[in-house]
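Undergrad: Spelled out, the chains give:
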Amino acid sequence: MTLTLQLFLIVSAALFCIGLLAALSRRHAIFILIGIEMMLAAANLNFIAFWRFSPEPRQPAGVMIAIFAIAIAAAEAAVGLALVISVYRHYRTTNVDQLDQLKG
Amino acid sequence: MTDSLDQIFVRGKQLLLSSMAHAPDWLVQIASSLINIFALLAVFLTLFALMSVLERKILGRIQNRYGPNRVGPFGLFQPIADGIKMLIKEDIVPARSDKIVHFLAPVLIAATAILALGIIPYGRGMTPFRIDGGILFFFAVGSTTELAVFMAGWGSNNKFSMLGAMRAIAQMISYELPLIITVLPVVMIAGSLAPDTIVAAQAGYVFGFVPRWFVFTPWGAAAFILFFVSGLVESNRTPFDVPEGESEIVAGHMTEYSGFKYATFFMAEYIGMFAITGLAATLFLGGWHAPIRILEFIPSYVWFFAKLNALLFVYVWLRGTLPRTRVDQIMNFAWKFMLPMAFTCIVAAAVWHYTGRGLRGWLWSLVVIAIVYTVLSTLLDTQKKFAPRTYRFAE
Amino acid sequence: MNGVAFIVIAILTLAAALAAATLQKLMHAALSFAVTFVGIAAFFFLLGAEFVGLVQVFVYIGAVAVLIVFTILLTRRDVEKDRGFNWSGVVVAIAVFGGLISAIFKTQSVSVAAPAIPALTVKRIGEVLMTNYVWPLQCVGLLLTAALIGALILVMEEKG
Amino acid sequence: MSWLITNLWLIPAIPLAISLVILSLAKSRRKSAAALAIVGQVIALAFAIFAFLPTLQTPGFRAVQNFTWFTFGEQALRIGWVLDPLAAAMMMMIALVGLCIFIFSVGYMADDKNFTRFFAYLSFFCGAMLGVVIANSLLLLFIFWELVGLASYLLIGFWIERPSAAAAAKKAFITTRIGDMGFFLGILWLYHSSGTLLFYDEGKGCLESAGLAMLGASATFVALLIFCGAAGKSGQFPLHVWLPDAMEGPTPVSALIHAATMVAAGVFLVARVYPLFSLGAIDGVTPSLTVVVWIGVTTALMAALIAIAQADIKRILAYSTVSQLGLMMVSLGVGGVAAGIMHLLAHGFFKALLFLGAGSVIHGCHHEQDIRKMGGLRRLMPVTFLTYAVGMMALSGVPLFFSGGSTKEEILHAAARWPASRLPYYLLLMGVILTALYMTRQIIYVFFGNRRAGSLHAHESPRVMTMPLIVLALCAIFFSAVLTPAWSWLHGYLTGERVHSEISRLIQPMLFVSLALVGAGVGLGVWMYRKAGMQDRDRAPETDPLEYAQPALFRFLENRMWLDEFYDRTVIAFATICARVSDWMDRNVWDGLVRGFGDVGELFGIFTSNVDERGINAGVDETTAGTRGLGRLMSAAHSGQIQTYLGVVAIGMLVLLLFYAWLA
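Chains as they are written, first to last, in my numbering: chain S, 1 to 104; chain A, 1 to 395; chain U, 1 to 160; chain P, 1 to 664.
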C-alpha cells in the first residue's frame, strides 16, 4: 500500500472533527481547550502533508507555518488555561453552561 | 590493532546483521535497532546495578563507615539481593487510587529515561539512533518525565505524593529552561543539533596539547557548570531532592509505590542521571575524544564511560556532602540566577565566535561572563541570610 | 512497511483523540490528549519533518499537557467527573466530517504519491527561518512574550 | 589642520554644552559650576589659538566647511563655518576677554544665591558669540545672533527681583528685536535674490563675485536691512537706548556685553558682510556705506556728549562704548575695515578692563555706583586705580603706549581720506576730545579728591578680581604693539595684503593731531573738575561744575537728550494707543456682533426644536419601537454560551463546504 496525500487528509479531517466534537459537546472548559488544540494539530498535519506531497518541496513553507502554528497554539493554550483558572476563581466553576454572562 | 579494538562493537553488530543479508531491509532495520536497544539495556542496567552499590559504598566512605560489604566480594552482589527483594515484595496499590494512571506512571518514566539514552554517541560510530535533531529529541523525551511524575503523584491519591509531584514538576520546569538554554551555545558553535557533529566539532587540540573541548572556553565552562547543576535538579538528586525529601514528605511521588514499581522509579532516576551526565560529557567534555593525543590508542568508548563515571562520582560526592536546599531557594536560584547566566552564555559564545574563536575571543567572552556574574551576584545578595519562608498554596 | 506504520499510528492517534474527547475522567482525557499528540508527532516523522515532530512532542507533552493537568489540579474542587454531554455537538461534528470527506474524495488531485525529496535537515530549517521567515519569527517571539505576561497577570491572585 | 576646520564647530559647542551641564547642576554646586565654566572657556581659548595659528601662515587665509542642513523641495539649505583672519582674531579676543571676565566674576558674584545659573548663562553667552564669529552662513549667524540676544536678555535681567532689571532686560530684547526684524528681512531678500546664504562657497557664496553679481542693485537695500540688525545689536543711534539700561545686569555681564560679545557682534556683522556694503562703490562710497558713516558719527558724538553728564560710573562707560562703536562704524563706513576691527579688538580689551575696574570699585564701595559719592579711592584701591588709569588712557586714545590710541589714529586717517565729505572727520575729532574729557572727569571723581559717603569703608578687591584686571591692563598696553602704523602687521593680517613696515611711520602728523586732541581733552577735564570732590566728605554730592555753568545743557545731556522720553511719547505711546483701540473694538464691536449672531442662532434653534417635537420625533419613536422588538427576537438566539457559538460557526463552515462541493 502506498501512502497518498488523501490518507493523511482523511486522518487530519477525522482528527479535526474529533476536536470539534470535544469542543462542542463537553461541558468542562478544559475540554474545549483540548478540542481546539486538536483542531490546530489537525491543521498542522495538513500543512506538513501538503508540503511533503507538493511537487517541489525545496521551500519548506508548510513546515514553517506548522512551526509557527505550534508556537501560537502554545501561547493560546497558556492564556486559555490561565483564563480557566481565573474564571474558576471568580465563579467557582469551570462548567461553561453556567458561564453565560454574555447573554444578551 | 587499536582501531579494531576501538571498533570492536561496531564490527560485531555488522557481523550479526550480515548473517541476515537476504532478509527484507525493514527487517534488517528492526533487527539493528533491536540490537542497539539490547546493548543499551544491558550496559546501562549493569551500570545501574553497579552504581547503586558503589554509591552506597562511597557514601559510606564519606560518612566514615563501610558500605554494604556482606553479599559477595566487597558486597558487589548487593544489587542482585536488592533486586530479588524488590521482586518478591508485595505490590500495594491504594484502594482509592486511580489504578490505570498509578500503573502507567513508572512504566512511562522508565521508558522515557531509557529513550533519552538513545541519541548519545558512546564511541566512534557508536550512536544507537542517529537523529538529525538528537539534542532536541533528548529534551523532548526528557520533558515527558514531568508528565510521568505528575501521573505518579495524581494516581496514588495521597497528599504526600501530590505535594512531592508538585514540587518535582515545579523544579523540573524551572530548571528545564537553564538546562536547554545552556545547550544552545554549544549548538550555535557546532552549528548542529546532532550529537555526532557536536562531538566531531570538539576533535583536535589547541597548541597541540589542550583538547578542543567546549569546557575549556569561558562560555563553555560556565555553561557546563550551569548544565551540571540543572541536571542535578532534573534528576532530583541531593541537594535538590526536595520532591522526595524523606524528612518532609515521605517519599514524594513514590510514597504509594512498593515492590518492583518502586524499583522502577529508582532505576528511572539513575538512568535519567546517566543520560544527563552522558549528554554533559558529549556536549562539553568532548564526548568520546581522548584528553591527550598520546592516550588516543585507548578505545573511544572507554574514554566516554570514564568521563561519565567521573561525573557520576561528583553526583555521589555532592549527595554525601551537601545538605538539602529549601524549595523557595531552589526556585529563586533558578529564575534569578541560572536563567540570566544561561542567556549570558549564549551572548558570550557569540562574542567568542565573532572575535575569531582565538585567544582574543577567549578573553572577551570571559569579560562578558565575569561582568554579568558580578552584577547578578551583587544584585541578588540580599543581606537577610535566613529569610522567613513565604508560603503560597494552590487554590 | 510505511503503510503498516501509517495504519498503526493512525489508529493510535484517532483512538487516543476519541478517548480524549469522550472519556469521563478529566485526568484520563488529558493523558490521552498527550498520547494523541505523540501520534501526530509520529505522523510528522513519517512525513519526514523530524524537527516539527520533535517540537510537537516538546511543546505539547512537555508544556501544554503539563499545563492542562495543572489546571485540572487547580480547579479540582469543581466536578472531577464531567457529567453533561451535548449530543447536538456530535451531530454537527459528524456532519462536518462528512462534508470534509466528501470534499477530499471529490478532489482527485490529492490522491498522489509522495515524491522523493532530500531530507529536511535542521540546518536548512534554521537557514530558512533566519532568512525568509525572520519577521514572522520575531512576531511570534513577541506574541509568546505577551502571552506569557498575560497568563501571569491572569492567574495572579488579587492582593488583599 | 583639516581636522581643525572640520571640527571648528567645537569652539562654540563646548561652552554651550557646558552651560547646559551647569544648568543641570544643583544650586549648591557653586565651585564645580565656576570650575566647569572656566575650564570650558580655557578649552575654547586653546581651540581659538589653534585656529589662529594656521591663519598666520598665508595672507588672506580662508578655510570653509559647508554641509547641507536640510533640503526642501529641490533646493538645499546649506550652512557651514569659516575660518579666516577676521574670525580667528575675534575668537581670540572673545575667548581671552571672556576668560578674564569669568575669573573676575568668581570673586564678584561670590555671595550671589544664583551663582551657578550665572555661570551657565555666561558660558552660554560666550558660546553663542563664538558661534556668530565662525558662522559661514547668514542663517547660522542669525541663529547664534538670536542666541546672543537671548543670553543678554537672561543676563541683563539676572537680578529678576529688581523690577528695573526686568524692565532693562525687556528693553534690550525688544529694541534689538526691532533691528533683527530688519536683519531677517535682509536675509530673506538676500536668499531670494542670490539663492544662497553661504558667505564663501567656492565662488558661489553670496559674498563672492558670482553671488554679488546676482545681487546687483538690491545689494544696497539688503545691506541697509542687515545694518538695522547691526545697529540694534551694537547700539547705534536710533536703537542705542537699551545699552545704557543694560547696566542693570551684574557688572561682569556689562563687561561681557560691552567688550567681547554683544555689541561687538554688530560691528563684526558689518565687517563680515562688507562686500555687500561696498558693492558697486565709486571710489569707496556707496549709499549704504554713507548711511553707516552718518549713523556712526551721530552715535559717536551724541553718546560722548551724554556721557559727560552722567553720574553713574557704569553709565558713563556704557555711553563711551556707544560712542566707540559709532567710531568703529564710521571707520567701516569710510572704508577702513581693518582699522575698525582693530579698534574693536583693542576696545574689547580696554573696555573689559574698564568695566571690571568699575566693578571692582563698586564691589569695594559696597555697590555704590554714583561717582559723586565716591572719591579718594586712589590710595584705598591702588591696583584698581592703576589698571583703571591704563584703561582710561587707552580709551581716550593716548598715542604710542596704549592700544586704542593708534587705532583711533587709523580711523581718523580713514575718515580724513573719505571723499564724500570731511564733516565726519571734524566731528570725530570733537568726539575724541569729549572722550578724553569725560574719562578725566570720571577718574577725578572716583579716585581723586577726598573720600565721600560712598567710599568711606572702601577696600581693595580680592586677588581673584584684581588678577584679571592686571592681565587686561597688560593686554591693553602691549596690544598696541601690533596696532601701531609702524608695524602694521595686524592690518595686513586682517586685510590679507602684504604690508611693509618701517619705523619712520611711527611718527606722523596724525600722531600729533591726536596727541593734541587728547591733551586738550584731558587738560579741559582737569581744569573743569579741579575743584571737584575737594569739599569735605559730609556734604551731599555737590553740583557738577558743568551743571553750575550750563544748567540747561547739563539737564539736556543728563536726561540723555530725552530720547527715552521721546520714544515713550511716540513709539510706545502709539503702541499703547493701538492696544487700547483694539481692546475697545474687541469689547464692544466684535463682541456685539458675535452676540448678535448668537441670538439669531438661538431663535433658529427654538424654531427647529418645535419642528422636531411635532414632526420628526414621532416617526423616530415608531422606528425605535420596531428595532427594540427585533432586538428582543435576536437576543433570544444570543445565549452567551461559547459552545453554541462554536457550533454555529461549525455549521457555517459546513454550509460553505457544501456550497463549494456543489459548485465543483
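Note that these hints are calculated values from the structure, not bench results. It is possible that part of the hints are untrue.
[Claimed, not checked] Non-contacting residues of chain P with respect to chain S, defined by C-beta distances greater than 12 angstroms in every case (computed):
| # | residue |
| --- | --- |
| 1 | Leu20 |
| 2 | Met92 |
| 3 | Cys578 |
[Claimed, not checked] Which residues of chain A face chain U? A few of them, derived with a C-beta cut under 8 angstroms, are:
| # | residue |
| --- | --- |
| 4 | Val101 |
| 5 | Ile131 |
| 6 | Leu136 |
| 7 | Phe137 |
| 8 | Leu147 |
| 9 | Met151 |
| 10 | Ile189 |
| 11 | Ala190 |
[What the hints assert, rightly or not] Here are the simulated lysine to aspartate or glutamate pairs, EDC-like style, with alpha carbons at most 16 angstroms apart:
| # | chain 1 | residue 1 | chain 2 | residue 2 |
| --- | --- | --- | --- | --- |
| 12 | U | Lys123 | A | Asp196 |
| 13 | U | Lys123 | A | Glu296 |
| 14 | P | Lys170 | P | Glu146 |
| 15 | P | Lys113 | P | Glu161 |
| 16 | U | Lys25 | A | Asp98 |
| 17 | P | Lys31 | P | Glu161 |
| 18 | P | Lys27 | P | Glu146 |
| 19 | A | Lys159 | A | Asp98 |
| 20 | P | Lys170 | P | Asp612 |
Backbone N, C-alpha and C fix where the C-beta goes; we use that ideal spot for every residue, glycine too.
Undergrad: Hint by hint, say whether it matches the structure.
TA: Going down the list of hints, with the structure as the test:
1. Leu20: 47 angstroms, holds
2. Met92: 67 angstroms, holds
3. Cys578: About 66 angstroms separates P/Cys578 from the closest Cβ of chain S, which puts it past 12 angstroms; holds.
4. Val101: 6 angstroms, holds
5. Ile131: Where the cut-off is 8 angstroms and the nearest Cβ of chain U is about 7 angstroms from A/Ile131, the hint holds.
6. Leu136: Given a least distance of 4 angstroms, the restraint on A/Leu136 holds.
7. Phe137: This interface hint holds because 6 angstroms falls under the 8 angstroms limit.
8. Leu147: This interface hint holds because 6 angstroms falls under the 8 angstroms limit.
9. Met151: 7 angstroms, holds
10. Ile189: Constraint on A/Ile189 not satisfied, violated at 14 angstroms.
11. Ala190: This hint is violated: A/Ala190 lies away from chain U, its Cβ roughly 11 angstroms from the closest one there, beyond 8 angstroms.
12. U/Lys123 <-> A/Asp196: 14 angstroms, holds
13. U/Lys123 <-> A/Glu296: 31 angstroms, violated
14. P/Lys170 <-> P/Glu146: Satisfied, since the Cα-Cα distance of roughly 14 angstroms is no more than 16 angstroms.
15. P/Lys113 <-> P/Glu161: 12 angstroms, holds
16. U/Lys25 <-> A/Asp98: 10 angstroms, holds
17. P/Lys31 <-> P/Glu161: 24 angstroms, violated
18. P/Lys27 <-> P/Glu146: Violated, because 27 angstroms separates the two Cα atoms, which is more than 16 angstroms.
19. A/Lys159 <-> A/Asp98: 14 angstroms, holds
20. P/Lys170 <-> P/Asp612: At roughly 59 angstroms apart (the allowed maximum being 16 angstroms), P/Asp612 and P/Lys170 break the hint.
In summary, the structure is inconsistent with hints 10, 11, 13, 17, 18 and 20 from the numbered list given earlier, while agreeing with the others.
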